[in-house]
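Trainee: Please arrange chain B on chain A, whose structure you already have, making use of the hints.
Sequence order for the protein chains is A and B. The opening residue of the first sequence carries number 1 in this note's numbering; numbering runs sequentially from there. The opening residue of the second sequence carries number 182 in this note's numbering; numbering runs sequentially from there.
Accuracy of the hints is not assured; some may be wrong.
[To be verified] Simulated pairs of lysine-lysine, DSS-like, Cα-Cα distance not exceeding 25 Å:
id	chain 1	residue 1	chain 2	residue 2
1	B	187	B	334
2	B	187	B	289
3	B	289	B	192
4	A	90	B	274
5	B	289	B	334
6	A	94	B	289
[To be verified] Here chain A is said to cover these stretches of chain B; the calculated rule only asks that three of the stretch's residues, wherever they fall, bring their Cβ under 8 Å from a Cβ of chain A:
id	region
7	218-231
8	264-278
9	338-349
By construction, these hints were calculated from the structure, which means they are not laboratory data. All figures in this text were calculated on a predicted structure; none of them were measured in a lab. All C-beta atoms, glycine included, are put in the ideal place defined by N, C-alpha and C.
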Amino acid sequence: MQISPMKLRLQDGRRVILRSAEPEDAAADLRCMQQAAAETEFLLLSPEEVSGDAPRHAAALEDVRDDPYALLLVCVADGEVVGRLHGFIKPRRKVCHRFRLGLCVLRAYWGQRLATAMLHTAERVAREMGCLQMELEVMAHNTRAIRLYEREGCRIAMVHPGAVRFPDGRVMDEYLMIKRL
Amino acid sequence: MYFAPKSIPLKDGSTAILRSPDPVQDAADLVQYLHDTAADTPFVLRTPDEITMTVEGEERFLEAVVDSESDCMILCEVDGCIAGNCHLSFMGKKKVRHRCEVAIALRKAYWGLGIGTAMFAEMIRLAEAREDVMVMELEFIEGNARARGLYEKMGFRITGMHPDAIRQEDGTMLALYLMQRPV
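With the rest of the complex left out, here is chain B:
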């Protein structure tokens, strides 16, 4: 899905642009961005060395997302740099078409500027525009209190806990929490 560009003012006085990815222009930056955000926090599903896609592969992936009827990715660009991104997936099968899944990430340097809130507002607007969507869902890894705070502020509530879903390097297990928000 295409997302028409939008400027948003940030708390530090700078301006961010929310926009669709440009597969050719953004692929290399996005691979670097995925690597950096995986290194920023332990609260993502992949470790940095597992970010193994090629720029060409990422370009094809982005093309598929932009052309898709079911998926929307929004990049947040600040001063020409990818500060964050979010991804909204509408489910395809009829029995789960009332659900959509969201995911969001932000480079650490851009935390606390209001970007997460702005990206969520856009995803909520997109979900509300879909007649058959009744609930938005996301998951976060146990201990990610900062993300949980943002999600609760955006109207999400914890509705399930998947025990032992994440295995850390030292063998200890963390839960994945399911959050839902009515649309």
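Excised from the complex, chain A in its bound form:
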């Protein structure tokens, strides 16, 4: 699924384009994922698990672009992907009312409302698809993200006990958050 590009101006004057990911973004998108995974422990993906295979990722981005049930938004600054949101529905009658998403923003761009802009765009797409709720999962100690999602109308709907285990053995709960549309 594709959206029309939007221009965002950050508080410090920098310009960012919010648009659908294109196959040409593959290398930059992988760099963004790798960096985001390294900057915090809040993503399920570990940095070393991000594939370095750009051609293969380009094919995946093409699939997402052409998939009416999937959305991949990127925030692009100076040719680099600095934030991304992946959303999708399962096209089955019993569960297609749930728009599921995950997002990340690089640390250098925190506090600039990029996540909010991507969430708003995703919500518009979800509504157009006829979805009744948006759903996301967040680690219980990611308080900054939880606050943001709550501000945007998401509520903790379920605790998934011990969903995450870090390499040092710490076990962490994950929250399912839902926003009714």
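Mentor: Relative to the frame of chain A, chain B by itself:
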């Protein structure tokens, strides 16, 4: 993952075989089986008309499962018919590698014979053999008391409720319950 065949006695005196699927031999029967089990109960995620895979597609899927390091499917065969199946998935990413997910289905005609219990015993054994696995997880749709009874008997407990996860034809919503079992 390959599962070495095993015979188990059933409560009615007949014998079931638990085994890996044979992609070429079983694909067509499995498509029919998925269709039939979706029609048997409302407690599966797909409606019968959403079972749209082709026999060739199912064959490729089964090949991938049998070759996989992370997934194990076990078929239960009784008198040459697929009575049920179960699927165990070990998670790939490091931060969730301590979890595995299980799913199980059984044709209605074979309910109550001990097949579910036998399949769970095998999946628990496979999970216990994995050093990094600490918990088994499954989900069931609100109202599926029969399945819940089996899961509780096998040591699973409800640890979460996903509200409004399932939308029925008439628009009413059901929850998905998360169950976990320590390994």
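Trainee: Please count how many residues of the region 264-278 of chain B have a CB within 8 Å of a CB from chain A and say whether that reaches 3.
Mentor: holds (count 5)
Trainee: Decide if the proposed pair is consistent with the structure: residue 90(A) and residue 274(B), CA atoms, cutoff 25 Å inclusive.
Mentor: 22 Å, holds
Trainee: Sort out whether residue 334(B) lies within 25 Å of residue 289(B), counting only the CA atoms.
Mentor: This hinted pair holds, its Cα atoms lying about 19 Å apart.
Trainee: Quick one, are residue 187(B) and residue 289(B) close enough, alpha carbons at most 25 Å?
Mentor: At roughly 22 Å apart (the allowed maximum being 25 Å), residue 289(B) and residue 187(B) satisfy the hint.
Trainee: Does the alpha-carbon distance linking residue 94(A) and residue 289(B) stay inside the 25 Å limit?
Mentor: Given that 25 Å is the threshold and the Cα spacing comes to 21 Å, the pair holds.
Trainee: Given as covered by chain A, does the region 338-349 of chain B meet the bar of three residues or more with CB within less than 8 Å?
Mentor: holds (count 10)
Trainee: Regarding the pair residue 289(B) and residue 192(B), is the alpha-carbon distance no greater than 25 Å?
Mentor: It holds: about 15 Å lies between the C-alpha atoms, which stays within 25 Å.
Trainee: Are at least 3 residues of the region 218-231 of chain B within less than 8 Å of chain A when you compare beta carbons?
Mentor: holds (count 4)
Trainee: Please work out if residue 187(B) and residue 334(B) have their alpha carbons no farther apart than 25 Å.
Mentor: 22 Å, holds
Checked against the numbered hints given earlier, the structure satisfies every one of them.
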